[in-house]
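Student: Okay, here's what each chain looks like letter by letter:
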Amino acid sequence: SQQGEEDPQALSIQEGENATMNCSYKTSINNLQWYRQNSGRGLVHLILIRSNEREKHSGRLRVTLDTSKKSSSLLITASRAADTASYFCATDKGQGAQKLVFGQGTRLTINP
Amino acid sequence: GAVVSQHPSWVICKSGTSVKIECRSLDFQATTMFWYRQFPKQSLMLMATSNEGSKATYEQGVEKDKFLINHASLTLSTLTVTSAHPEDSSFYICSAREGFGRAWLSNEQFFGPGTRLTVL
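If you read the protein sequences in the order shown, they are chains G and H. According to our numbering, the residues represented by the first sequence are 129 to 240, in order. According to our numbering, the residues represented by the second sequence are 36 to 155, in order.
Just chain G, with the same shape it has in the complex (with noise of 0.2 Å):
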């Protein structure tokens, strides 16, 4: 079973405008990963942030982590229309675990 849950399942946005993703999830995590996904291909590594982190930047994106709500979100600003794609985040609960878990995913369509 899927442990993150993402919302919104689907966002549509003008480009130029900031997209924004929530992810939660149920047990304690070591860290938290965010990939995308363009239409038919594999993922691309994004950003990962730490169960100690709140907050970090990388570019266009900033990603925060919430560990009391168990939550998690990623803001692109600025988006562009090559920000299309998937979104998916996943966690990784440590402890010598190496699985990920990954969420259902939000699918970012930005308009032109």
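If you're looking for bench data, these hints aren't it; they were derived computationally from the structure. Everything hinted at is true.
Not everything, but these chain H residues come out facing chain G in the computed CB check (under 7 Å):
1. S78
2. L81
3. I128
Over 10 Å on every C-beta distance to chain H, these chain G residues come out as not near it, computed from the model:
4. K154
5. K197
6. T205
7. A209
Derived lysine-lysine pairs resembling DSSO-like cross-links, with alpha carbons at most 30 Å apart:
8. G:K227 to H:K101
9. G:K221 to H:K99
10. H:K55 to G:K227
11. G:K184 to H:K76
12. H:K90 to G:K227
Owing to the predicted nature of the structure, the values given are computational and were not obtained by experimental measurement. Where a beta carbon is used, it is the ideal one built from N, C-alpha and C, also for glycine.
With chain G held as given, fit chain H onto it using these hints.
Tutor: Chain H alone, transformed into the frame defined by chain G:
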């Protein structure tokens, strides 16, 4: 760095045949590789975890005799779908985890581009 390749990128086969998919880490040694399947517009479902030189660990509900996994070297894992049927049609993705270092500590996984299997 940290590139993972898969071969083939797509395959069409007849029902009843077996199909082998290769996953290679091109510029690092992967002690652990993971195999996922993904149905259209759905998330990735982990099928199995393979560690170099040992038997794969399958997730609940995944038939080990149906999906044979071999991780014979630190750079290659193979998934063989035996006696494929139309319901096995899916997108199969592998990922690899480096054996040491920062990426290993953070459990960062590097994904292949996927293999689309269509069984007629």
